[in-house]
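With the sequences and hints as input, model every part of the structure.
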Amino acid sequence: MIQVFCRVYFFSFFLSGYCLFAQQNFEQVSLGDGVNSSFDEKLPVFSPDGKKLYFTISNHPENVSGVSDKGDIWYSTINKDGSWSQAKNLGRPLNDRFVNSVIGFSPDGKSMYLRNFYINDYNSLVSKGISVARKTPNGWRYPENVSIEYFDNKSEHQSMSISSNGKILLMSIESYGNYGNEDLYVSFKKSSTGWTEPKNLGSTINSKFQEMTPYLAPDNRTLYFSTNGRGGEGGMDVFVSTRLDDSWKNWSVPKNLGKGVNTPGTEKSYQFIPNTTEAIVISTQNSDGYGDLKKVVLMEEQIAQAQPKEFQNPLQETKVIETMETVSLEITVKDQKTGIPLVADVELSKGGQELEFKTRVDGRLETELEPGFYKIQVSALGHLSEIDKVNALNDVGKTIELIPVEIGSTVQLSNILFEISTSHLIESSFDELDKVVKYLEKNPKVRILLSGHTDNRGDYYLNLKLSEDRVKAVKEYLVENGIEEGRIEGKGFGGKQPIADNSNEETRKLNRRVEFTVLEN
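Numbering-wise, the sequence shown is residues 1 to 521 according to our numbering.
I should point out that these hints are in silico values taken from the structure, not numbers from a laboratory.
All values derive from a computational prediction rather than experimental measurement.
There's no promise every hint is true.
Pairwise CB distance ranges (calculated) [unchecked claim]:
id, residue 1, residue 2, range
1, E441, P93, 42 to 50 Å
2, E197, K88, 35 to 43 Å
3, I499, S30, 34 to 42 Å
4, T410, K88, 47 to 55 Å
5, P93, K389, 54 to 62 Å
Using 25 Å as the maximum straight-line C-alpha spacing, the simulated SDA-like pairs for lysine to any residue come out as follows [unchecked claim]:
id, residue 1, residue 2
6, K375, L433
7, K70, R508
8, K135, I119
9, K167, P107
10, K255, G180
Glycine is no exception: its CB is placed at the ideal position from the N, C-alpha and C atoms.
Structure (structure tokens):
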């Protein structure tokens, strides 16, 4: 891509006015053998001064759990000549047998934010929020858990980043109200121990596919992210969009950064290198999905975006809740296929309080509730139950569509997750399984066939066994929650019945699934 750019060395341009204009063919340049290896590098983050680079490496033999370890944090230090030193494993207590990654720092660099909760036995990590480690003269302390209100991620993927001022958290997750698979959300820092509920960035940013690795430029208005939902040069390209107001819902139409940044492969984790006119990106050029760290020169218009701006935290909207005693909630339940209203059972729960309702013949429910967020479970005869979340303050007129299920119908349980290469269910799968429990309770004559599927990587017979074991785990959950064992059959198919391309990880994950088919109604 041919561009006109202004070369600035450590922002001396802003002091001296020196500027070199030239036509430049922007291309990715490797960050060097100090950081890149034959393994998978991903999720990079710079220290605030730009002198250290932290990133995650998967399956490296020097990870704390060896080659089976899906991700440890490593770091490299910039040399005087601008090269990067040989990377080193950050070690315990920040690394354990789970996927570990840095998501950002406080502006002074003394607090490091990390993905997920840590539990103090070096062997347990919980995906319920984020953690923070404090810097001491002797190194980093054991991470402290930091909660995010109503945080729920149903995806195996989770990428996050903290703004340069330490007040804004962007995340790629699959949660309630998604437009597609992984969507981008924003959360704001309330205190040293908590962040606000994630807020979806809206349909201008999020597509029906995947949006990943969000990065907010230091101007706090310019968003860079990767997606496979907008076409482009390769499997996943980097796009840029500008926030138009403080609602965090209104954005300019995302623009592809074009050739030189994006390639026929996959590009993720685009971000500026502090105090330079360069950016980095993780570029993947092989079918195994292994990434390398590359750098590119900033375009002229990006230099201004690299300047930190003060950010006003828009939390006034939460204060109105404190002044209201009750609010009206209206819900309409419909058949997803026909749009016909349904008479349905509706259960609302909040802080141990449980309320039960039934919709009218027109499918509507109107009630007065205390302000706040409620978990909602909706079930109707002949339909798969739905579990969602509603805000009794803002979700007036909410419509919930239930999937009709008949003999021969197959329903894919897209949010059933297992620990990698095992049949151990992850806790975030329970809501999806509870939907099946509700459906079978509501329809006591129904018998189902559970089927388990994997991708085609690895040994055929091991995949077949894994799919069978996962079906058994799902069946055990249903039985433990009151469903008669005789109503459930199960079968594993391994990788024999793919529904998507197995050639790359972004589509291969779709083949790892559990489904059920109605045998008798």
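Here is what the structure says about each hint:
1. Roughly 44 Å separates the CB atoms of E441 and P93, a value that falls within the hinted 42 to 50 Å.
2. Distance hint check: the CB atoms of E197 and K88 are about 37 Å apart, consistent with the given range 35 to 43 Å.
3. In this structure, I499 and S30 meet the distance hint of 34 to 42 Å, their C-beta atoms being roughly 36 Å apart.
4. In this structure the supplied range 47 to 55 Å holds for T410 paired with K88, their Cβ-Cβ distance being about 49 Å.
5. Distance hint for P93 and K389: a CB-CB separation of about 33 Å, inconsistent with the stated range 54 to 62 Å.
6. A C-alpha spacing of about 15 Å is found between K375 and L433, which places the hinted pair at or below 25 Å, so the restraint holds.
7. Taking the CA atoms of K70 and R508, the gap is near 17 Å; set against the 25 Å cutoff, the hint holds.
8. A distance of roughly 19 Å separates the Cα atoms of K135 and I119; the hinted pair therefore holds under the 25 Å criterion.
9. Only pairs whose Cα atoms come within 25 Å are accepted, and K167 paired with P107 is accepted, the gap being roughly 10 Å.
10. Distance check on the hinted pair: K255 and G180 sit about 19 Å apart at the alpha-carbon level, within 25 Å; holds.
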